[in-house]
Amino acid sequence: MTTETAPDATPPILEIDGLHTTFHTRDGVVRAVDGVSCRVHRGEVLAVVGESGCGKSVTALSVLRLIPSPPGRIEANAIRLDGTDLLELSPRRMQAVRGNEISMIFQEPMTSLNPVLTVGRQMNLVIDSHERLSRRECADRTMEMLGLVRIPSPEQRVREYPHQLSGGMRQRVMIAMALACSPQVLIADEPTTALDVTIQAQILNLMNELREQFGTAVVLITHDLGVVAEMAHRVVVMYAGRTVEEASVADLFRTPRHPYTQGLLASVPRLAAERETFEHRVRLKEIPGVVPRPGGARRGCLFAERCGYVRDRCRAETPPLADSAPGHRAACWETDRVASAARA
Amino acid sequence: MPFVDGPQGDAAGKVVRPPMLSVEGLKTHFPVRKGVLSRVTGYVYAVDGVSFSIRKGETLGLVGESGCGKSTVGKTILKLIEPTEGRMRVEGHDITDLGPREMRPFRRTMQIIFQDPYSSLNPRMSAGSIVGQPFVIHERTAGRSWEERVAELFERVGLRADQMRSYPHEFSGGQRQRIGIARALALNTKLIIGDEPVSALDVSIQAQVINLLMDLQEERGLSYLFISHDLAVVEHISHRVAVMYLGKLAELADKREIYLNPLHPYTEALLSAVPVPDPAASKRKRIVLEGDVPSPIAPPAGCRFHTRCPYVEPRCRIEEPAWREVRPRHWVACHLR
Chain A
783 MTTETAPDAT PPILEIDGLH TTFHTRDGVV RAVDGVSCRV HRGEVLAVVG ESGCGKSVTA
843 LSVLRLIPSP PGRIEANAIR LDGTDLLELS PRRMQAVRGN EISMIFQEPM TSLNPVLTVG
903 RQMNLVIDSH ERLSRRECAD RTMEMLGLVR IPSPEQRVRE YPHQLSGGMR QRVMIAMALA
963 CSPQVLIADE PTTALDVTIQ AQILNLMNEL REQFGTAVVL ITHDLGVVAE MAHRVVVMYA
1023 GRTVEEASVA DLFRTPRHPY TQGLLASVPR LAAERETFEH RVRLKEIPGV VPRPGGARRG
1083 CLFAERCGYV RDRCRAETPP LADSAPGHRA ACWETDRVAS AARA
Chain B
127 MPFVDGPQGD AAGKVVRPPM LSVEGLKTHF PVRKGVLSRV TGYVYAVDGV SFSIRKGETL
187 GLVGESGCGK STVGKTILKL IEPTEGRMRV EGHDITDLGP REMRPFRRTM QIIFQDPYSS
247 LNPRMSAGSI VGQPFVIHER TAGRSWEERV AELFERVGLR ADQMRSYPHE FSGGQRQRIG
307 IARALALNTK LIIGDEPVSA LDVSIQAQVI NLLMDLQEER GLSYLFISHD LAVVEHISHR
367 VAVMYLGKLA ELADKREIYL NPLHPYTEAL LSAVPVPDPA ASKRKRIVLE GDVPSPIAPP
427 AGCRFHTRCP YVEPRCRIEE PAWREVRPRH WVACHLR
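Residue numbers (this note's numbering), protein chains in the order written: chain A, 783 to 1126; chain B, 127 to 463.
Just so you know, these hints were derived from the structure itself, not from any lab.
To spell it out: a stretch of chain A is covered by chain B in this simulated footprint if at least three of its residues, at any positions, have a beta carbon under 8 Å from a beta carbon of chain B; those stretches are:
{"id": "1", "region": "948 to 956"}
{"id": "2", "region": "981 to 987"}
{"id": "3", "region": "1005 to 1012"}
{"id": "4", "region": "1032 to 1042"}
{"id": "5", "region": "1065 to 1072"}
All C-beta atoms, glycine included, are put in the ideal place defined by N, C-alpha and C.
Can you build the whole structure from these sequences, using the hints too?
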């Protein structure tokens, strides 16, 4: 049992319990998500961090049951939204959950908006399919949402098509659509990765304001540790389909207890305004090697080949995700050594 | 158009070498055609008067947001795109008007690494022949077989020589970028233009490639023009940094100056917008710019940044600020400084 660092003891709004998502391909079974469990509370931002191919997006798509089957296959003890197991819902009921109780924002706003519908039309579609509103009320809600995400002159924008909008504007439309039915959970998959930093700052501010206003729980999927530090309350770090560490954002950055997290934090270049020294020839810390091939052997710790703390046991036995400090879980046999190195 | 920092020399007046690359008043405009007759109805002012120089062994970082013209600067310097106006000199030789044949000796010294390691390698060629092509084209192997030279390059960039026979799809993103680097190093390279060379890579791999680039610079005295939107990466690798906005430079200075003492409001906003990977850092004052970057087809009059500038004054809307050296080696285009 884990001790949560959540503000209160209320039950989590979203709980993923033992998720395994596999893809059956010609080259064998790929375990994209291999036993991930986590929970998110109301008003909380949970960041899911990891590199490409670590399974973070597949986790999100699995929650929404958007994995095409075949070849994909979702297995879990449960994925509970406010107590209801989503895996047991009929496709029809699930359809009513998507966009209504759980919404998703994707990385590429251009490819996730319908290019042949006007902004107003696609927003109306979302609202109309979930709520019994008159056409007039629908249109009003659309305007209200576009105003909320600060789209200038919304009455003009509703008549425009996605290609007429800038990248930042499209992402605002995505957010407006995602929040139109006041979902309980918002899953944001790399929501600002395709945007410039000044636009990213606008969007992150906006997401924070809206979260505070509506109390929406946010699952923020990202590879950007800067975004994590600024937005998240808690963090799950994934590697090769498994959760390797979970902690509050402060604990994770202060004392990483998994060598992979430690390596990630050390390999990011930082802005000097935060650093005192300004030496030029500082080498970045590298994590040697590459991520294991999907579909490869999955014995022992999957990070062992790249790990500086590796011992024989790591290659033979898979370390469980265990409490390593209060509210801080890590899947590592050598977690104490890692933590003391982090403190040093 | 003033020269950014002319041939360097000390006060004693010693004979100085010309910089590796100097660019003066560079403009690259693209015509916009419309209608059945494809009449030119306007221009995209992609690069609109940019001046800088890069010394031997130096890295100049060029940062800016998408569409600001930074990639066009890189491609124009290599004459992959013809400049509309301005001068480009390589070690003092003016290459602006050279034809393809006359450019050949310069092509041996200037190379480019692209952002996307997936689309910049020919999928039908083995990694070895991709890296070996420059030798074949320029017939320069100094008596040895090109395979031998390629094997050396592979080892240097951290690939195994036996991977020469593999094809690009068999490599990971980071390894492909190493192939791109090996190809750029094949000839007598002195200047490498990196167009977002690490942006597509995961952080742990990004660190490996950045370290490799810095090691190679030290070993071979390479000069880099490092084009990127990532301010932290640019800070790490550069000696000097130029900030570009809508086709023009807003600021250019030594790294320390730019990051600790930014003078242009745009640089200031850009730096404050970067999320810092440290939750314990006291929340900085963030300048959130309103709106989007205007279109380079119709750039705003006066200062191009005035539509988003938090400190805008009436004259910023009318008068274009001059490119001035407001402190030694610190150039900025802003009325307020």
